[in-house]
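Protein chains in written order, with the numbering used here: chain A, 1 to 302; chain B, 1 to 470.
One or more hints might be untrue.
[Claimed, not checked] 25 Å max Cα-Cα, derived SDA-like pairs, lysine to any residue:
1) B/98 with A/46
2) B/378 with B/107
3) B/465 with A/118
4) B/296 with A/148
5) B/370 with B/78
6) B/311 with A/130
7) B/149 with B/130
8) B/98 with B/42
9) B/286 with A/141
10) B/465 with A/61
11) B/274 with A/61
12) B/452 with A/265
13) B/98 with A/142
14) B/378 with B/47
15) B/464 with A/188
16) B/274 with A/148
17) B/274 with A/142
18) A/139 with B/351
19) B/464 with B/351
20) A/192 with A/61
Just so you know, the hints here were simulated from the structure itself, not pulled from any lab data.
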Amino acid sequence: MKHGKWPLIVTFLVPPVLLYVVFVVSPYLQAFQISTTDWLGYSADANPVGLANFKALWHDDYVWNALKNNAILLALVPVLTIVLGLFFATMLALGGRKGRAGVTGVRGGALYRTVYFFPQVLSVVIIALLWKEVYHPNKGLLTASLHGLGLPAPTWLGDPATAFWCVLAVMVWSNVGFYVVLFGAAMSAVPKEIYEAVLLDGASRFTTLRRVTLPLLWDTVQVAWVYLAIFALDGFILVQLMTNGGPNFSTDVIGVRMYDTAFGSETKFGYASAIGVVMFFLTLSVAVLSLRVGRRDRIEYS
Amino acid sequence: MNRRDILRRSAAAGLLATPAAGLLAGCATGGGDKDDTETYKGTKSADNPLGVKEDAPLEVVIFGGGFGEEYAKAHEAMYTEKYPKAKIKHSATQEISKTLQPRFVDGTPPDVVNNSGAGQIDFNGLVSQNAIADLGELLAAPSLDVPGKTVKDTLLPGAVEVGSYDGKFLVLNYTYTAYGIWYSDKLFTERKWEYAKTWDDHIALCKQIKAAGIAPWTYAGLHPRYMSWPVIATAIKLGGPSVATAIDNLEPNAWKSEPMRTAADAWHQIVKDKFILEGSPGLDHKQSQTAWCQGKAAFISCGSWLESEQKDVTPAGFNMTIAPTPSLGSGDKLPYEAIRGTAGEPFMVPAKARNVAGGLEYFRTMLSRKGAQDFTKKVASLTVVAGATEGVELPYGLTSVVKALDASGANGFNWVYNNYYRKLERNLVDAACGEFFSGRIGPAEFLEQCQKGADSIAQDSSIKKYKRAA
Numbered sequence: 001m002k003h004g005k006w007p008l009i010v011t012f013l014v015p016p017v018l019l020y021v022v023f024v025v026s027p028y029l030q031a032f033q034i035s036t037t038d039w040l041g042y043s044a045d046a047n048p049v050g051l052a053n054f055k056a057l058w059h060d061d062y063v064w065n066a067l068k069n070n071a072i073l074l075a076l077v078p079v080l081t082i083v084l085g086l087f088f089a090t091m092l093a094l095g096g097r098k099g100r101a102g103v104t105g106v107r108g109g110a111l112y113r114t115v116y117f118f119p120q121v122l123s124v125v126i127i128a129l130l131w132k133e134v135y136h137p138n139k140g141l142l143t144a145s146l147h148g149l150g151l152p153a154p155t156w157l158g159d160p161a162t163a164f165w166c167v168l169a170v171m172v173w174s175n176v177g178f179y180v181v182l183f184g185a186a187m188s189a190v191p192k193e194i195y196e197a198v199l200l201d202g203a204s205r206f207t208t209l210r211r212v213t214l215p216l217l218w219d220t221v222q223v224a225w226v227y228l229a230i231f232a233l234d235g236f237i238l239v240q241l242m243t244n245g246g247p248n249f250s251t252d253v254i255g256v257r258m259y260d261t262a263f264g265s266e267t268k269f270g271y272a273s274a275i276g277v278v279m280f281f282l283t284l285s286v287a288v289l290s291l292r293v294g295r296r297d298r299i300e301y302s
Numbered sequence: 001m002n003r004r005d006i007l008r009r010s011a012a013a014g015l016l017a018t019p020a021a022g023l024l025a026g027c028a029t030g031g032g033d034k035d036d037t038e039t040y041k042g043t044k045s046a047d048n049p050l051g052v053k054e055d056a057p058l059e060v061v062i063f064g065g066g067f068g069e070e071y072a073k074a075h076e077a078m079y080t081e082k083y084p085k086a087k088i089k090h091s092a093t094q095e096i097s098k099t100l101q102p103r104f105v106d107g108t109p110p111d112v113v114n115n116s117g118a119g120q121i122d123f124n125g126l127v128s129q130n131a132i133a134d135l136g137e138l139l140a141a142p143s144l145d146v147p148g149k150t151v152k153d154t155l156l157p158g159a160v161e162v163g164s165y166d167g168k169f170l171v172l173n174y175t176y177t178a179y180g181i182w183y184s185d186k187l188f189t190e191r192k193w194e195y196a197k198t199w200d201d202h203i204a205l206c207k208q209i210k211a212a213g214i215a216p217w218t219y220a221g222l223h224p225r226y227m228s229w230p231v232i233a234t235a236i237k238l239g240g241p242s243v244a245t246a247i248d249n250l251e252p253n254a255w256k257s258e259p260m261r262t263a264a265d266a267w268h269q270i271v272k273d274k275f276i277l278e279g280s281p282g283l284d285h286k287q288s289q290t291a292w293c294q295g296k297a298a299f300i301s302c303g304s305w306l307e308s309e310q311k312d313v314t315p316a317g318f319n320m321t322i323a324p325t326p327s328l329g330s331g332d333k334l335p336y337e338a339i340r341g342t343a344g345e346p347f348m349v350p351a352k353a354r355n356v357a358g359g360l361e362y363f364r365t366m367l368s369r370k371g372a373q374d375f376t377k378k379v380a381s382l383t384v385v386a387g388a389t390e391g392v393e394l395p396y397g398l399t400s401v402v403k404a405l406d407a408s409g410a411n412g413f414n415w416v417y418n419n420y421y422r423k424l425e426r427n428l429v430d431a432a433c434g435e436f437f438s439g440r441i442g443p444a445e446f447l448e449q450c451q452k453g454a455d456s457i458a459q460d461s462s463i464k465k466y467k468r469a470a
């Protein structure tokens, strides 16, 4: 061991770890403790109630309704985002190969990439407000275009039949750009020779994507999957700003339920913490499961 | 370890940082009740009935919303005029709950809190934790500048009851708000329409308005509870104030009472006959109010804050006017003029404030005639102080509010279930109204859903219940 290594490690490692423990780990542990009390949040009085909050959660229809919505998001948002992201990234990296000898992207790929990435630059709050205006039932872009074509338009965020899908569409829209860039970066690391070989063998674009690109990008896709799954279990900011869970709880998600229980219509911090604890375990299991299920042999080519 | 491993590990670390579970706890825990901290108390005298310690500092936290904070600074100046040695610490925030929650837990809250806005602290929570000081002493104290009257004598009817929980006056609601149906006087004069006083005439007028190419109604579809106000008001005018007390006291089937049923049936007409501006269910309150200001709809249900909220988009000469809900018929227990008037904009003195007497004295300053007039002049809103608008020039809409309140007089009514059980109005009745006014459910189902919400609150043992007398 080189002389003077320990002071370096101590200086650079201990303060951040300490900060992490104080500001991230300890609130989590406290959340577990608070979830077993009836704390109402505005005095120091809290009585331990054991698992009563969790028992109440089990019978809370609104929580189940929110969880159901999260489950739908979990099933759709990652799949749609990854499929669209892969599609666009492929087009940008390999789409323009027809009629040429080499493997290139479509014309103007850099511009497309910037445009796709644009939502990522905006704050989520701005995205929510922007789309709220797009969904404006009288003068919004969407409604106006449909009316312009002589088609009827629903009231989007005002109708339980459409509101949820409107929010889901914004979630996918705001995420795709990032994954286009992520997958694009991963694709550029794949040696061109592989594609040229596939091209010579006369494989179709879809086959190339399915049999060559996807396996080579598997690790990146898996990471995208975990992130998107966490996002789908949260989804709080967009929902809260666009619909606040309405109409008639049709867009409610578990994060909004927790916020509403703590700061919104009630001040039940014990109960809200119990919701938080449930969220924690759900997110944890989803992430662990998707990492385990998706495990494959890594392909080394460098 | 290659690039992908790093990505994968950072994903796992992201897990611990992403969901918000820890944030709740991070907000506020620890601390404890500190009973040993010094509180400021002075000696009571005729000139100082609340026993203010004259050099004790006073801390005031104001909600920085539509009223701004200038009015509060003026009140503070009036306070220091009387107690020049007192140092006042003033601050304004839009996030009352998040800013003050740790201080409540810690037992060191400020002396005066304007608990308002979207980040307001739920009063049921505060009251059930005994976190607010009793203002009874303030009511009994003599008024600051109206000789021979106590503070209570100078207040408008209903001002005390709306801030009372189980008979204790805890919350000073400083502004006086009327809730009714708004229309543009200019539009109505131009078209030679007249506001209808009975429901049948209202429906006939709606037909006329629709024939003229204007939608008779619009409402805040994303906050549909705004429409619960005219429905309940109609029911109270039909059945008397006991309709409201039954709802406030969570009596079984209060929402399904005969007057509520008749009222819901009546209001269903505007849905059935398509008298509502298309797309309204998808509008939020600002969007629907703006559509109304642009003349796309004739009527909207709102409180008397509407005029100042719409100040920037109201065309000149629009002349917005408030009117009571139409009477259902000759069987109504209250006259047509009766309108819902209630005190709003809540102020409180935390029970653990160090300068409770100073807080009460600050309220006495606010409730003086001078303090109230200054407020009305600065923010164009009425206060709970009776007659404080004398000699103050009011904008058009607010003038109509004063007139409507005068005409309503002792017939004015109000309900408070929304203060007792915020969740019931904000979540449950809200959702039911959305379904009802977009036409997805009928009146019977609407009341059924409201009742189900009220029952769920009644059965929830973790929510403190309040009762009020008729």
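Against the structure, the hints come out as follows:
About 19 Å separates the Cα atoms of residue 98 of chain B and residue 46 of chain A, which keeps this hinted pair within 25 Å; it holds. Restraint check: the Cα-Cα separation between residue 378 of chain B and residue 107 of chain B comes to about 34 Å, which exceeds 25 Å; the hinted pair is violated. Pair hint residue 465 of chain B plus residue 118 of chain A does not hold up; C-alpha atoms about 51 Å apart against a cutoff of 25 Å. Simply put, residue 296 of chain B and residue 148 of chain A have alpha-carbon atoms about 20 Å apart, close enough for the 25 Å limit, and the pair holds.
Of the pairs offered as hints, the one joining residue 370 of chain B and residue 78 of chain B holds, with about 9 Å between alpha carbons and a cut-off of 25 Å not exceeded. Between the alpha carbons of residue 311 of chain B and residue 130 of chain A the distance comes to roughly 23 Å, so the proposed pair stays at or under 25 Å and holds. Between residue 149 of chain B and residue 130 of chain B the alpha-carbon distance is near 30 Å, which puts this suggested pair outside the 25 Å criterion. For the hint linking residue 98 of chain B to residue 42 of chain B, the alpha-carbon distance of about 32 Å lies beyond 25 Å, and the restraint is violated.
Taking the CA atoms of residue 286 of chain B and residue 141 of chain A, the gap is near 18 Å; set against the 25 Å cutoff, the hint holds. As the CA atoms of residue 465 of chain B and residue 61 of chain A are separated by approximately 22 Å, the hinted pair is consistent with the 25 Å bound. Restraint check for residue 274 of chain B and residue 61 of chain A: the C-alpha separation of about 33 Å exceeds 25 Å, so the hint is violated. Annotation: proposed proximity of residue 452 of chain B to residue 265 of chain A holds, straight-line Cα distance about 17 Å (limit 25 Å).
At roughly 37 Å between alpha-carbon atoms, residue 98 of chain B and residue 142 of chain A are farther apart than 25 Å, so this suggested pair is violated. With a CA separation close to 28 Å, the supplied pair residue 378 of chain B and residue 47 of chain B exceeds the 25 Å bound. About 62 Å separates the Cα atoms of residue 464 of chain B and residue 188 of chain A, which puts this hinted pair outside 25 Å; it is violated. The suggested pairing of residue 274 of chain B with residue 148 of chain A holds, with an alpha-carbon distance near 23 Å, which does not exceed 25 Å.
Straight-line distance between C-alpha atoms of residue 274 of chain B and residue 142 of chain A comes to about 23 Å, which keeps the hinted pair within the 25 Å bound. Distance hint between residue 139 of chain A and residue 351 of chain B is unfulfilled; the C-alpha atoms sit about 50 Å from each other, more than 25 Å. Restraint check for residue 464 of chain B and residue 351 of chain B: satisfied, since their Cα atoms lie roughly 18 Å apart, inside the 25 Å limit. Under the criterion of a C-alpha separation no larger than 25 Å, the hint pairing residue 192 of chain A with residue 61 of chain A is inconsistent with the structure, at around 54 Å.
Checked against the numbered hints above, the structure violates hints 2, 3, 7, 8, 11, 13, 14, 15, 18 and 20; every other hint is satisfied.
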